[in-house]
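> Since the structure of chain B is provided, determine the placement of chain G on it from the hints.
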Amino acid sequence: MSELKLMKGNEALAEAAIRVGADAYFGYPITPQSEVIEYLMAQRPEERTGMVVLQAESEIAAINMVYGAASSGKRVMTSSSSPGISLKLEGISYLAGAELPAVIVNVVRAGPGLGTIQPAQGDYFQSVKGGGHGDYKLYVLAPASVQEMSDFVEDAFAIAYKYRAPVLILSDGLIGQMMEKVILKDQQKRMTDEELIKKYDDWATTGKTDRERNIVTSLDLQPDKMETRVNKLIKKYAQMEREDLRFETLNCEDAEYLFVAYGSSARIAQKAMELGREKGIKVGLLRPITLFPFPKKQLFDLADQVEGILSVELSAGQMVEDVRLAVEHKVPVEHFGRTGGIIHTPEEIIEALEEKIIKNGSVRHHKTRESSIL
Amino acid sequence: MEVLDIIKPENQVFCKTKLMTDTALSYCPGCGHGTAHNLVMEVVEEMGIASDTIGVAPVGCSVLAYDFMNIDMTQAAHGRAPAVATGIARTWPEKYVFTYQGDGDLAAIGTAETIHACNRGENIVIVFVNNGIYGMTGGQMAPTTLSGMKTSTSPYGREIETMGSPLKITELVANLPGVYYATRHAVHTHKHARKAKKALKKAFENTRLKKGLSIVEIVSNCNSGWKMTPNDSNDWMAENMFPYFRLGDIKVNGKLK
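Protein chains in written order, with this note's numbering: chain B, 179 to 552; chain G, 1230 to 1486.
This is chain B alone, in the form it adopts within the complex (with noise of 0.2 Å):
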């Protein structure tokens, strides 16, 4: 049966992967991540449902471990803070090229360095940009409640598994420590050893029976092979864009200023937008879901209707970059967010949206799509 709870988004996430039937958890401590792999060895999952958890002897143990136990066809999750998903990346992006299946958990601080472990926005070009070496993305979900870090675990996997990739939880410091009530989902089963070894042998490296050999790698010499392996990858990104972008609008139809938020800062954002709307500006929040794929489209066509947008992240702008490429110059694009584990508030969001977009009047530039693809 489904359970209400009130329970911190670390632990959230960790009872989600127990219940959605994932086979193994792979972590190594950080704050502000902790929770999940205590949550974890307290529950015993291995009595629940025998899955298995196991705590590495460094981030980048743990994502090799990820990638073994993928590679085998095993459902199989790691989480980490920012400095930790940073040494995870080497793993991510064989994770990527030898096209696994894993979901990966950031909970993000701030940085760069070892920065600090206050809740951070920073980790947004990491996440999106590849961050580690060559030519692949990350699918990316971004919480912005307790109750999505519950239920994106299963979202995360059920992506992992359409594309055979590896896919991003990018949560933060906020997310992860705040509590809310939150709706559990019903426990699933764990796949059979003889399920999983029809289900994936094609691929998996379960034990070669009378079918040719499984072999999982990323390496191709051959440049052409090679060049062959990334469209393919190429190829799945395109899928992705086109048939699981996920984002939320409110207060969009007769908005004339737009705030884009995700997480963290969506939810303050919203309260911003509510301030806003009671000193009479009409203002509305797009909130990307995925920030891969990120919602192009829906950014261009609102720059036909507002008079600016301001985004608004815990970071120095990292996601305004991609809104300023989604928006074409149509309008204004500023920034907003405070750093170094500093929580802007709604207040300092509105005066921001005043200050560095409706001070200056309107200076839209007329721009279609068709006019801007030619």
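Treat the hints loosely; a few may be bogus.
Below 30 Å or equal to it, Euclidean Cα-Cα: the simulated DSSO-like pairs (lysine-lysine) are [to be verified]: (1) K1439/G - K376/B; (2) K377/B - K1439/G; (3) K410/B - K377/B; (4) K1431/G - K1456/G; (5) K376/B - K1247/G; (6) K1439/G - K367/B.
Footprint (simulated), chain G over chain B, 3 or more residues, beta carbon under 8 Å [to be verified]: (7) 249 to 257; (8) 263 to 275; (9) 279 to 288; (10) 360 to 369; (11) 384 to 390; (12) 427 to 433.
Ranges between beta-carbon positions, derived for each pair [to be verified]: (13) D1296/G - K410/B: 17 to 27 Å; (14) D380/B - D1296/G: 12 to 22 Å; (15) S1280/G - E419/B: 33 to 43 Å; (16) S1280/G - K410/B: 37 to 47 Å; (17) I375/B - N1240/G: 32 to 42 Å; (18) V408/B - S1280/G: 53 to 63 Å; (19) L1254/G - K307/B: 34 to 44 Å; (20) R1475/G - P290/B: 25 to 35 Å; (21) E1390/G - D402/B: 20 to 30 Å.
In short, the hints are calculated from the structure, not lab data.
Backbone N, C-alpha and C fix where the C-beta goes; we use that ideal spot for every residue, glycine too.
Same frame as chain B, but now just chain G:
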């Protein structure tokens, strides 16, 4: 007698294991990797465990091991094979999981993964081919390069004062309780190869009995990297490598020798 008569099954006293593919080996002529591959696959075939065996290939000369070994294999990032093997073995506890790694992979970049897989006593086999050099990248100094040995990154010889001593990693990990079996062999003569095969069989047998980690080191040559003929490289190996990397058992049945 014609060639076709000779290769008739009834005339054969020895044949290649079915677990080696017909793909031509990419190793330099005279290199020990081919023999080491063959021995591992012979053991897997003789034990009848091919359908339950998953190999993990490293980065280095043997990165393409999966082209030659006719079993399911996963290729790991440089040094990470023991972590990759951990991921497989933990989620498939009834399978036989082995890594095949060189000295740069296992004893330099992958030191942490090696030590911790050993310390956890992962139920896997590590086949460790030590030729004291980075072969694939063109003969650079490895953690196992002997003192005074010339390589492309130690062109005047390895200087212990600045470059450290050649690492005896098998002895090092043998001290960990998780390691059940640690042994060192060579494959350059029939006699040595037979002993190495016996050791490999024992290692896979340990996996079957869920005894924990077995590491079989094979001291081998790199005639190209050492810039010698194959025969000279084998002689040099026996003369210089064996006194430092002593052949024989280091730990058997969980007990240090």
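> Between the alpha carbons of K377/B and K1439/G, is the straight-line distance 30 Å or under?
28 Å, holds
> With respect to the beta-carbon atoms only, verify the hint that D1296/G and K410/B lie 17 to 27 Å apart.
20 Å, holds
> A range of 53 to 63 Å was offered for this pair. Does it hold for the Cβ distance of V408/B and S1280/G?
Given about 33 Å between the Cβ atoms, the range is violated.
> Taking beta carbons only, do three or more residues of the region 279 to 288 of chain B come closer than 8 Å to chain G?
violated (count 0)
> Using the Cβ atoms, figure out if E1390/G sits within 20 to 30 Å of D402/B.
Once the Cβ atoms are compared, 48 Å apart, the range 20 to 30 Å for D402/B and E1390/G is violated.
> Indicate whether the distance between the beta carbons of S1280/G and K410/B respects the range 37 to 47 Å.
29 Å, violated
> Quick one, are K1439/G and K367/B close enough, alpha carbons at most 30 Å?
27 Å, holds
> Please check whether D380/B and D1296/G have a Cβ separation lying inside 12 to 22 Å.
Given a distance of about 19 Å, which is inside 12 to 22 Å, the answer is holds.
> Taking 34 to 44 Å as the stated bounds, is the beta-carbon spacing between L1254/G and K307/B within them?
The hinted range 34 to 44 Å holds for L1254/G and K307/B, with Cβ atoms some 40 Å apart.
> Mind checking, does the region 263 to 275 of chain B have 3 or more residues with a CB under 8 Å from chain G?
Since three or more residues must qualify, the claim that chain G covers the region 263 to 275 of chain B holds, with 3 doing so at under 8 Å.
> Go ahead and decide if the range 32 to 42 Å is satisfied by the Cβ distance of I375/B to N1240/G.
39 Å, holds
> Using C-beta distances, would you say chain G covers the region 427 to 433 of chain B, given that this needs three or more residues below 8 Å?
violated (count 0)
Checked against the numbered hints above, the structure breaks hints 4, 9, 10, 12, 16, 18, 20, 21 and satisfies the rest.
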